[in-house]
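Sequence lines, in order, name chains A and B. First residue of the first sequence? That's 1 in full-length UniProt numbering, and the numbers climb one at a time after it. First residue of the second sequence? That's 1 in full-length UniProt numbering, and the numbers climb one at a time after it.
Hints are computed from structural coordinates only; laboratory data are not their basis. Just so it is clear, CB atoms sit at the ideal spot from N, CA and C, and this is done for glycine as well. Incorrect hints may have been included.
[Unchecked claim] Per the computed footprint, the stretches of chain B lying under chain A, defined by three or more beta-carbons under 8 angstroms from a beta-carbon of chain A, are: (1) 81-94; (2) 101-114; (3) 130-139; (4) 143-149; (5) 154-160.
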Amino acid sequence: MTKEIYITQTNCITPLGFDVESNIEAILRGESGIQLHSALSLMPMPFYAAIINDEKINSAFEKISTEKKYSRLEKMMILALEPIIKNSGVELNSKTAFILSTTKGNVTALKNNSEESFNNAHLDVLAKNVSDFFGFKTQPIVVSNACVSGILAVSVAKRMIQSELYDTIFVVAGDEISEFVLSGFNAFQAMSDLPCKPYSKNRTGVSLGEATAAVLLSAEAKNAKIKVIGDSSINDANHISGPSRTGEGLFRSIQNALKEAQINSDKIHYISAHGTATPFNDEMEAIALNRLNLQNAPINSLKGFYGHTLGASGLLETVIAIESANQNILFESKGFDEIGVSEAINVIEKNLEKKIEYFLKTASGFGGCNTAVVFEKIKSNL
Amino acid sequence: MTQNKTYIQSYITIQNNEIVLNGTSVFKIEPTDFGDFSKQAYRNFDIQYPKFFKMDALSKLAFLGSELLLSPITSAEQENNIALVLANKSSSLDTDVKYQESISDKENYYPSPAVFVYTLPNICLGEISIRHQLKSENSFFIFDAFNSEFLLNYSEVLLNTNKADSVLCGWVEFFKDDYKAFLCVISAEENTKYTNENINTLYNQ
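For reference, chain A alone in the conformation it holds in the complex (with noise of 0.2 angstroms):
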């Protein structure tokens, strides 16, 4: 029989807050990470992000460890890991692995022109400082499958558990604002001028924010969070800079994850969609839905909250609506006002209490990837 998994740690370093409580605290509140910003460093012109105090993530950093060595993310990255790894007892031996996933990791050295600064640009070196400061004895896998690679990981993580090939797999995702990735998406001219507004009529693109997050998947029921029924990972094979106008390759990792998970699409009771307020991806996400019959299912995207966390985005977004399961509400989809999206799709204007048993993640991105994961929740947890 195949091995059941599940989440049993979660943590995340966003703009919002430094662990899991005080972010939903701040969702509650309607609190947005997302402010304008002017920074001639990063942008010619003022821009909406959601970017973090570098005196909080030092100062965070400092009570952890004394060492210089570590980049920005870096130290985001420990941090989103240190209170999980701690806090699970799990040995760090051959049979834990270590799944990092980023789009560009520590992009921002290429503008040392310095060989060790270059050097610090590759993901493989990002995820063996992150994996040293633990001591795991297993070598890093690194995920970079653009805006779905948060969510992949997770995928990847329990594929491999099933396989046998570990027990534990400790997961952190993670992308920091930058120059490179501001100068790009502006110049793709993806950028709201104002904090973006999934779904809603009045979108004009993203924000972009920055964020790390960090979970446990195991085979081990004990203290669990969370169960992974299903997932998929499909290609729309249409576009590499736009997604597929039916969403195919949404629609098809949708089904794959639900038939894996052996349910029907009447027993999701949240989505946790991208939303990444785009004209395109929204429009495509509601087609894809509506194909699917899941119109009526609530859907939030958390962007309003957060900003596009790249790479980040999936897990974080993950960490929360296992949250939002577990305390039974549905978050507000923060940003949203009139429906802007061609097929009805049920955006949740207020935070709602409501039972959820069955969740489901979705992302999309660049290259034309789609990722969807299928959640039950904890029996106990009810």
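Assemble the complex: chain A is given as a structure, and chain B must be docked to it using the hints.
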């Protein structure tokens, strides 16, 4: 999980101005840069796909390898559930460095969306998927060196859980004209020509 045996069906290596398919050299030219090499290879195999010339070098490399492996086994009439599992060391750094140059000098600032889109390693998976109409599992991994154990294990998981009928897996590394692609097609169909155990030998040939 049921562990069915899997087999390497075919493989290809591209390096040092040469393409070796299933152990036989099928294209080799005098030393030149990758841009010239890839163009000559494209012409040699009479590939009709103008989009090729818009791709960055990493995508061209992955495209050429997959073209020779997949064209004989994919059909336009039916769906081909062939998963793509690729990895490398340098991610998209070759294009990242070019993009960084375009934004470094404020007097000469010209960020281009056409370059920016290739600053993700998985874009080459998208290019292969579009070319062969593969609506299938896709994932890109980064390791410090060719990791046959992980790539084989992960591919076997996809096959054993029926997430894919076959898997195109391998290594596509490109940085500043230093390149190597090693790709193979794996499935449960019995094929005694190559064994999975010697994937490292095939890679190092």
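Hint by hint, here is what the structure shows:
1. Given a C-beta distance limit of less than 8 angstroms, the hint that chain A covers the stretch 81-94 of chain B holds, as 5 residues qualify and 3 suffice.
2. Counting residues of the stretch 101-114 of chain B whose CB lies closer than 8 angstroms to any CB of chain A gives 7, so the stated coverage by that chain holds, three being the minimum.
3. Counting residues of the stretch 130-139 of chain B whose C-beta sits closer than 8 angstroms to any C-beta of chain A gives 9, which meets the bar of three, so the coverage hint holds.
4. Given a C-beta distance limit of less than 8 angstroms, the hint that chain A covers the stretch 143-149 of chain B holds, as 3 residues qualify and 3 suffice.
5. Counting residues of the stretch 154-160 of chain B whose beta carbon lies closer than 8 angstroms to any beta carbon of chain A gives 5, which reaches the threshold of three, so the coverage claim holds.
Of the numbered hints given earlier, the model fails none.
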